[in-house]
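Peer 1: Residues per chain, in single letters:
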Amino acid sequence: MRAKPRGSLAAAILLAACSCSRVPDPLPGVPRLVLWAWERPEHLRFVDPQGAGVAFLARSISWQGGRVASSPRYQPLEVQPGTAMIAVVRLDSGGAPLPAHEAVVPEVLNAAALPGVRAVQIDFDARVSEREWYAGLLGRVRERLPRWQPLTMTALASWCLGDPWIRRLPVADAVPMLFRMGAGEPREVREFSSPVCRASLGVATDEVPYRAPHGRRLFVFNPRPWTADAYRGAIELSRRWR
Amino acid sequence: MKWLRLLASLAVLAVALGPRDGNGCGPFLTDLEFTTYHGPTPAELAAGQIGVLRPHFYREPLLLAYRTLSGAPLTPEEKPGLEHWPWLRETAGTAPAASPVERWLAARKKVAGAAAVDRIDTDRLIPGSEYQNFTNCLDGAFENATATLGRRIAQWGAADPRTAEWLKGQDQVFENCSAGPKIPPPLPAADRQAAADREYQVAAAAFYALQLDQARAAFDKIAADGASPWHDIAPYLAARASIRQGTFQKDESSLRDAVTRLRAIVKDPARSKLHDSAEGLLEFVRARLEPGKRLVELGAELMKPLPADRFSRALTDYTTIWDRMEEAKQAPPAAESDLADWIVTVQKNGDGLAKWREVHSLAWLVAAVMGSDPRKPMPADLAAAARAVKSDSPAYPTVSYYGIRGLILQGKADDARQWTDQALAAKPSDAFANLLRAERLSIARDWTEFLRFAPRRPVAEGSDDLGTEEPLAGARTGKKAIALDSDSVRPLNREVPLKLWIDAARSDALSRTLQADIARAGWVRSVILGDTAAARTLAARVSELSPDLAPEMRAYLAEKEPGAALFTAAFLMLRAPGLEPVMRPGEGRTTPALKQDIFRDNWWDLDKQAAGREPVHDALNDLYPKDKPGPARFLPKEQRAAGEKEWTSLGDAASNGVEWLCGQAIAWAQSHPQDARVPQALHLAVDATHYGPAGDLTHKLSKQAFDILHRGYPASEWARKTKYWY
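So the protein lines, in turn, are chains G and R. Numbers in this note's numbering are just positions in the first sequence, counted from 1, shifted up by 1121. Numbers in this note's numbering are just positions in the second sequence, counted from 1, shifted up by 6.
Simulated from the structure, these hints should not be mistaken for lab results. Treat the hints with care, since some could be wrong.
To be verified - Far from chain R, some chain G residues (derived; all Cβ distances over 12 Å):
1. GLY1150
2. ARG1153
3. GLU1163
4. GLU1223
5. ARG1319
6. ALA1349
To be verified - On the chain R side, residues computed to face chain G include the following (Cβ under 7 Å):
7. ASP129
8. GLU136
9. GLN138
10. TYR402
11. LYS601
12. GLN602
Said to hold, decoys possible - Between beta-carbon pairs, the in silico distance windows are:
13. ARG1166/G - SER105/R: 50 to 56 Å
14. SER399/R - PRO1202/G: 55 to 61 Å
15. HIS705/R - ASP1327/G: 27 to 33 Å
16. ASP37/R - PRO1162/G: 22 to 28 Å
17. ARG1166/G - HIS705/R: 44 to 50 Å
18. LYS354/R - GLY1203/G: 37 to 43 Å
19. GLY1186/G - HIS705/R: 30 to 36 Å
20. GLY163/R - GLY1150/G: 54 to 60 Å
21. GLU136/R - GLY1150/G: 15 to 21 Å
22. GLY1237/G - GLU258/R: 31 to 37 Å
23. ILE488/R - PRO1202/G: 55 to 61 Å
24. ASP1327/G - ILE488/R: 38 to 44 Å
25. ASP452/R - GLY1354/G: 45 to 51 Å
A virtual CB, placed ideally from N, CA and C, is assigned to each residue, including glycine.
Kindly produce the complete structure, drawing on both the sequences and the hints.
Peer 2: Below, the structure written as structure tokens:
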């Protein structure tokens, strides 16, 4: 938080106005509950398209020695027609040298072009030394995605707690991941200081955070393939987080 | 025709393996493991051991265990066949060699005027699916194309128009790998060689475009043309077209058509070079048509030594078929195969006693011991047989571990100690020794035994979410990697009084690394608890064991006045985010104490420990109530009570490290505003509220420290550096 501004009526009015207005939903048309569907058989016909969206691993991109390997989804994924789909692209770094952006961007765009995909989510645990490269990649992807298609990302919770790096990324939404965190990652969060992290939360069915802001779109990870029971549990979880 | 065998093998593997498992959405951090979860450790396998079997092992190691227990261990020739086992994945390092696709892309550049092609996408959506892909063009296709191009360049020359036309056709073939259809046009028959090549390209393009009827007809036509250089292989590819049709359309008649075609190839002496490949495809089709029978056959084949590639393929096929049957809710053929029966029994932790009594084999002895109720004595005949297993038997680790666990849970601690000590003396593998130590620690009689059996040597690193386990590398190996598990850390943090922390910090039973860890945590603990004598003793020990902290410890020891010493300690802790008053299981914090951790693993939050949310090594759940590991009676009552009281006091005084440190900095700033260290301490305190764990008061304390700093020391460099509170 910045040091308190001194005696500015205009700022106070502005602040009040901001607090009353609704922030536009960064993922319009996507339900408030989104199931993450990983690279395993996911038969999600029991998911009500009005009740939940599906963020599915659509492509995995990795690099080693500067060479890029890109794989599409190999596992079955079944959803009901009309389900809001988010294509997740996972990046795995083999370290330096980092690949040219142009070797990665088309792969992301391939995923974005899959049927019914309303948004793209990049999942990359960028090291500090990779942040500049990652920011550049996001910029290039954003430039080439259709304007109607939001670009989102997953984020370490600590990135969302005042790390200035995340504030300048060209993403509509960053989903703080409140599960499977490093030992020092905050497990109790009242609010994320980065505005881009304030629309969504990432939790797991088996690891619910002690405390986290409510009223967010909930992305839910299930450590095993989704079942109707697990889906019901996710719905319950999302109700609790309203 | 080596490439042909390779092609067939890859085709079978690619289709048989089916969709691949993987994960997204990290971070997936790896943890140190004291025993592996999915199979024996690499070191055990290399030594021909199977370790302590667990019901959650993958089926591959269980199959191997059954074979080893049946007297046929893995041979040196077979070991390379295991290199792709999930928990033996190659670790990242050198860049992989060029792939067949990359070699093809390089080779085609030799042709004069070749169009620019930078990449080829080998995957295509499965027909009828919107999101699921398969690898359409396998490595063998690119190897074949590279070899053929080499021959045509040798024959015609790189600048010859025929070579350019061949390449153009081949580029179109590969366009179908991910898109299409793109079928090259036929060529005039004037040049017989070029025309025959093109016919083959047309058939291949149709195959990759999944125009399978057309592809099969085209391959049949080539097969009938004795003059075509592709005459020999064409029937085999026609059979592959039928297999694809049968697989994608779930059409049994196409699969049976493939069987007829492949059998004809196998019977044709003129096509002997294709026999191996055709037999491989026959196996694949049979796995689809008669999975249970094929599983029984593969199980029998795998019971005897095989060449590495055959072993690897049969093992993969075996588990893939089983997985498919499981997915289709088909029962494995337990009645027809002793191996399948045994795997089912072990995985379900089922009752193998009756079967053991019937067959008296070592494998079934192991299954019977694993499945026996640990809270009841084993039947006398089973107990005697288990105890009679010699230490050099592959069954010894498993029967000993489960046998000892039973004795412990039945309250026969003396018998358990005797068996454990005997097993520990028999040079167990590290993973087995860790389990034995866990058992022995659970019945530790005193503090000395507690320290003796607490240390464990890591054996692998793994990620639960990825389901992977990999060999240890770098700093995670060697003596310095020896660590504590939660069965010693939990009691140490909650029940052991400071007096014994001092003892542990000098105990020869622990490595110097562990002594140093305990000295540091004990010092922080004693400072918070206000036990000055203990704090001074431990500070001296820290300066001996942790050179990076030695100057700071000397400064602390130089302070004679208790209040000043407390602030000096807090000032150091503010600069050392790695200091905390507790021990951690496993690897702990890997960033040096004086450095901030990039994942914000800084200072401490005891509420997390109090809530019992520290990770507990799975095997310890065999011995303790869930998530509450630690021996019950190794300390006299009064010592334990003192330790518990200290733990409570610690939580009351400094549950949240950042808040406690902020409080110390603010209090000292208010009472000693002239101390030159104050501005820096306040800056560090505000910084800690950003990079450390947050509590209910963190925000308030952050602002308070910020205000004192800016009001009291506005011109200091520390005020300038402190632009925000958190």
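Peer 1: Does each hint fit the structure? Answer for all of them.
Peer 2: Do the hints match the structure? See the list:
1. GLY1150: holds (18 Å)
2. ARG1153: holds (19 Å)
3. GLU1163: violated (9 Å)
4. GLU1223: For GLU1223/G, whose nearest Cβ neighbour in chain R is about 10 Å away, the distance does not exceed 12 Å, so it is violated.
5. ARG1319: holds (16 Å)
6. ALA1349: Consistent with the label, ALA1349/G stays out of reach of chain R, its closest Cβ about 16 Å off (over 12 Å).
7. ASP129: For ASP129/R, the interface hint holds, since the closest Cβ of chain G sits about 5 Å away, which is under 7 Å.
8. GLU136: holds (5 Å)
9. GLN138: holds (5 Å)
10. TYR402: Interface hint status for TYR402/R: violated (34 Å vs cutoff 7 Å).
11. LYS601: violated (12 Å)
12. GLN602: Violated, about 9 Å.
13. ARG1166/G - SER105/R: 50 to 56 Å: Violated: the Cβ-Cβ distance is about 37 Å, outside 50 to 56 Å.
14. SER399/R - PRO1202/G: 55 to 61 Å: Because 59 Å falls inside the window, the suggested range holds.
15. HIS705/R - ASP1327/G: 27 to 33 Å: 30 Å Cβ-Cβ, so the 27 to 33 Å window holds.
16. ASP37/R - PRO1162/G: 22 to 28 Å: holds (27 Å)
17. ARG1166/G - HIS705/R: 44 to 50 Å: Check passed, 46 Å falls within 44 to 50 Å.
18. LYS354/R - GLY1203/G: 37 to 43 Å: holds (41 Å)
19. GLY1186/G - HIS705/R: 30 to 36 Å: Hint violated: Cβ distance 46 Å, outside 30 to 36 Å.
20. GLY163/R - GLY1150/G: 54 to 60 Å: Because 59 Å falls inside the window, the suggested range holds.
21. GLU136/R - GLY1150/G: 15 to 21 Å: holds (18 Å)
22. GLY1237/G - GLU258/R: 31 to 37 Å: holds (32 Å)
23. ILE488/R - PRO1202/G: 55 to 61 Å: holds (57 Å)
24. ASP1327/G - ILE488/R: 38 to 44 Å: violated (30 Å)
25. ASP452/R - GLY1354/G: 45 to 51 Å: holds (46 Å)
The earlier numbered hints that this structure contradicts are 3, 4, 10, 11, 12, 13, 19, 24.
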